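Q: Each chain, written out:
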Amino acid sequence: MALDARPGVKATPTTSKRRLGFMARSRVVEALQAYLFLLPAAAILFTFQYLPAIDVFRISLTNRLLLRPTAKFIGFDNYVRLWNDGRFWNAVWNTFYFVAASVPFQMALALLFAMALATRMRGVGIFRTTFFLPVVTSMVAVSVVWEWLYHPSIGLFNEIIKLFGGTPIDWLSDQQWAMPAIILLIIWKGTGYYMVIYLAGLLDIPNEYYEAAKIDGASGWSMFRHITWPLLAPTTYLILVLQMINSFQVFSSVYVMTGGGPLRSTEVVVYYLFQRAFESLEFGYASAISVVMFVFLVIVTILQRVFVGSRVSYDR
Amino acid sequence: MSAPAVSLGSRQRRNVFFLTLVLSLVAFLWLFPFVFSFLASFKTGNELLSNIWGLPESFDTANYESAFRGMKYARSFGNSMFVSVSVALLQCATGTLAAFAFARMRFPGKELVFMLFLATLMIPGTVTLTANFLILSKLDWIDTYWALIVPHGASGFAIFLLRQFFMTVPIELEEAARLDGAGRLRFLWSILLPLARPAITTVFIFQFIGNYNDFLWPLIMTSSESLRVVQIALSIFTDLEATANYGPLMAAAILTMVPTIVLFAFMQRAFIRGITRSGLK
Numbered sequence: 001m002a003l004d005a006r007p008g009v010k011a012t013p014t015t016s017k018r019r020l021g022f023m024a025r026s027r028v029v030e031a032l033q034a035y036l037f038l039l040p041a042a043a044i045l046f047t048f049q050y051l052p053a054i055d056v057f058r059i060s061l062t063n064r065l066l067l068r069p070t071a072k073f074i075g076f077d078n079y080v081r082l083w084n085d086g087r088f089w090n091a092v093w094n095t096f097y098f099v100a101a102s103v104p105f106q107m108a109l110a111l112l113f114a115m116a117l118a119t120r121m122r123g124v125g126i127f128r129t130t131f132f133l134p135v136v137t138s139m140v141a142v143s144v145v146w147e148w149l150y151h152p153s154i155g156l157f158n159e160i161i162k163l164f165g166g167t168p169i170d171w172l173s174d175q176q177w178a179m180p181a182i183i184l185l186i187i188w189k190g191t192g193y194y195m196v197i198y199l200a201g202l203l204d205i206p207n208e209y210y211e212a213a214k215i216d217g218a219s220g221w222s223m224f225r226h227i228t229w230p231l232l233a234p235t236t237y238l239i240l241v242l243q244m245i246n247s248f249q250v251f252s253s254v255y256v257m258t259g260g261g262p263l264r265s266t267e268v269v270v271y272y273l274f275q276r277a278f279e280s281l282e283f284g285y286a287s288a289i290s291v292v293m294f295v296f297l298v299i300v301t302i303l304q305r306v307f308v309g310s311r312v313s314y315d316r
Numbered sequence: 001m002s003a004p005a006v007s008l009g010s011r012q013r014r015n016v017f018f019l020t021l022v023l024s025l026v027a028f029l030w031l032f033p034f035v036f037s038f039l040a041s042f043k044t045g046n047e048l049l050s051n052i053w054g055l056p057e058s059f060d061t062a063n064y065e066s067a068f069r070g071m072k073y074a075r076s077f078g079n080s081m082f083v084s085v086s087v088a089l090l091q092c093a094t095g096t097l098a099a100f101a102f103a104r105m106r107f108p109g110k111e112l113v114f115m116l117f118l119a120t121l122m123i124p125g126t127v128t129l130t131a132n133f134l135i136l137s138k139l140d141w142i143d144t145y146w147a148l149i150v151p152h153g154a155s156g157f158a159i160f161l162l163r164q165f166f167m168t169v170p171i172e173l174e175e176a177a178r179l180d181g182a183g184r185l186r187f188l189w190s191i192l193l194p195l196a197r198p199a200i201t202t203v204f205i206f207q208f209i210g211n212y213n214d215f216l217w218p219l220i221m222t223s224s225e226s227l228r229v230v231q232i233a234l235s236i237f238t239d240l241e242a243t244a245n246y247g248p249l250m251a252a253a254i255l256t257m258v259p260t261i262v263l264f265a266f267m268q269r270a271f272i273r274g275i276t277r278s279g280l281k
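The listed protein sequences derive, respectively, from chains S and A. Under the working numbering, the letters of the first sequence match residues 1 to 316, in that order. Under the working numbering, the letters of the second sequence match residues 1 to 281, in that order.
These are calculated hints, taken from the structure and not from any lab test. Keep in mind the model is a prediction, meaning the values are calculated, not measured. Just so you know, nobody snuck in bad clues.
If you want the ones that stay clear, here's a sample from chain S, every Cβ over 12 angstroms from chain A, calculated:
#, residue
1, Lys72
2, Phe73
3, Val92
4, Trp93
5, Ala100
6, Met107
7, Phe164
8, Gly166
9, Thr167
10, Pro206
11, Glu208
12, Tyr210
13, Ala213
14, Gly217
15, Thr228
16, Val306
A short, non-exhaustive set of chain A residues, derived as facing chain S with CB atoms under 8 angstroms:
#, residue
17, Ala27
18, Leu48
19, Ile52
20, Thr94
21, Ala101
22, Pro124
23, Thr126
24, Thr128
25, Ile159
26, Ser235
27, Thr238
28, Thr256
29, Ile261
30, Thr276
Ideal Cβ placement from N, Cα and C applies to all residues, glycine included.
Can you build the whole structure from these sequences, using the hints too?
A: Here's what the structure looks like:
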């Protein structure tokens, strides 16, 4: 095809020199135009994504304070300090606790909801919307609402407990209960999001597989075990990585409901990072925390890619 | 239900009934915080203590009035709308241009540039906060609308989603338009954009809701009262009303939630499409 002719490369004798020149020029014009189209997005992504992602490494090697523009290069001192910082490890522990407790529950619930709603039953639309509603509402607003629900004396959760004759819980001011309380909120808030992704995955599975299995007399469980679950594997891994990345960055609910308390029992990594950067204004140190988290999350993402690459089963 | 050829067996009907019952119970649990915060938003301080489960005595709007004043809602809501609409529009504009280049044009380094754009999705927003703050300080944008809008004006997500859509539009359409003498921009503007309306709506809704609900970024990048977005106004109002005066607080929370819920109610399909496409397979 003439459009694919390149100047100087395999020019057929029938192509005149003039035409070639024209083609080459239109090629250059097209490329220039393309770069122009890319420029606005590229400028924004470079300035506010790549540049800071690289810069955060540099800042983490300095003793930069927010109110002192001159910073000295101090090598890995911030990382050494981080290694010995009990408050950091407490935040890491709290974050892992949060992730380990919220991710499996959200995942299981999301799958259950999706399977219940993948049927062609009356009213599924209403249920879908209901489970999805918390996803579109702001974290700050629902945190304010749940703070009231958790209130020790006038909160509805304790009223329910009292109704069944239990002893009220001091939810957000109890070291044991504050984190579970936040986890419960997050499960409620986030499950609908993953439910929608699972639903899309479920609807992608061809119905013939189930029909064939039914003819062979397969039970509900064995159909789930041998058809649904393996075919959903890519979706499951995708959800897992999305959840991990979201969960490790938990912040707003902690900020609104507990402020990291009581006794730092809900201080998660991003909250601690926020405290260091914008309360005590230690930008160098806060950047070191950022870098550690960054590296960790990138590893999580890459691991997921590797897994998806090797685990996608069946011929689809 | 789409009428089945054979009527359902009694066992199957029982299953459907049972499933609906369980789902209704769970749905009630899911709606519980919304329903009771809405009822509480009309209750007086005394009523919140004495009449915990019932309907409010009157749908008195006193709580809403104090929430409206306390959050300076007219201003903060205006700020939120201005910022979120600007971000969403900017995303559509930068996304469309870039997606068009990736889907329809030939240029050296295309694969590499596309990979670089997509890779931004792997950069978690919270880890670049300190560096971004310093960049915005250098630009002298801290505590301005610029800081709230421009940095969020492009995303790998929007570009990817729009590119996917543009690639489904048959190439013959473009060739025909070119034969009729339309330039590339002309084709993009008067043929491709109208066709791509569903995809562009998805990007718009997604970015609008995400930006409206964002809290950490405006918390860090702005400080003056005139720039407060709704989320910040709500959080500050919560701190001021610390004496457990939950009536006005619930009203404030409802005022904050309602815009995205209404938008979602009307644009459900576009929003869900955005999520199912975020898989980036």
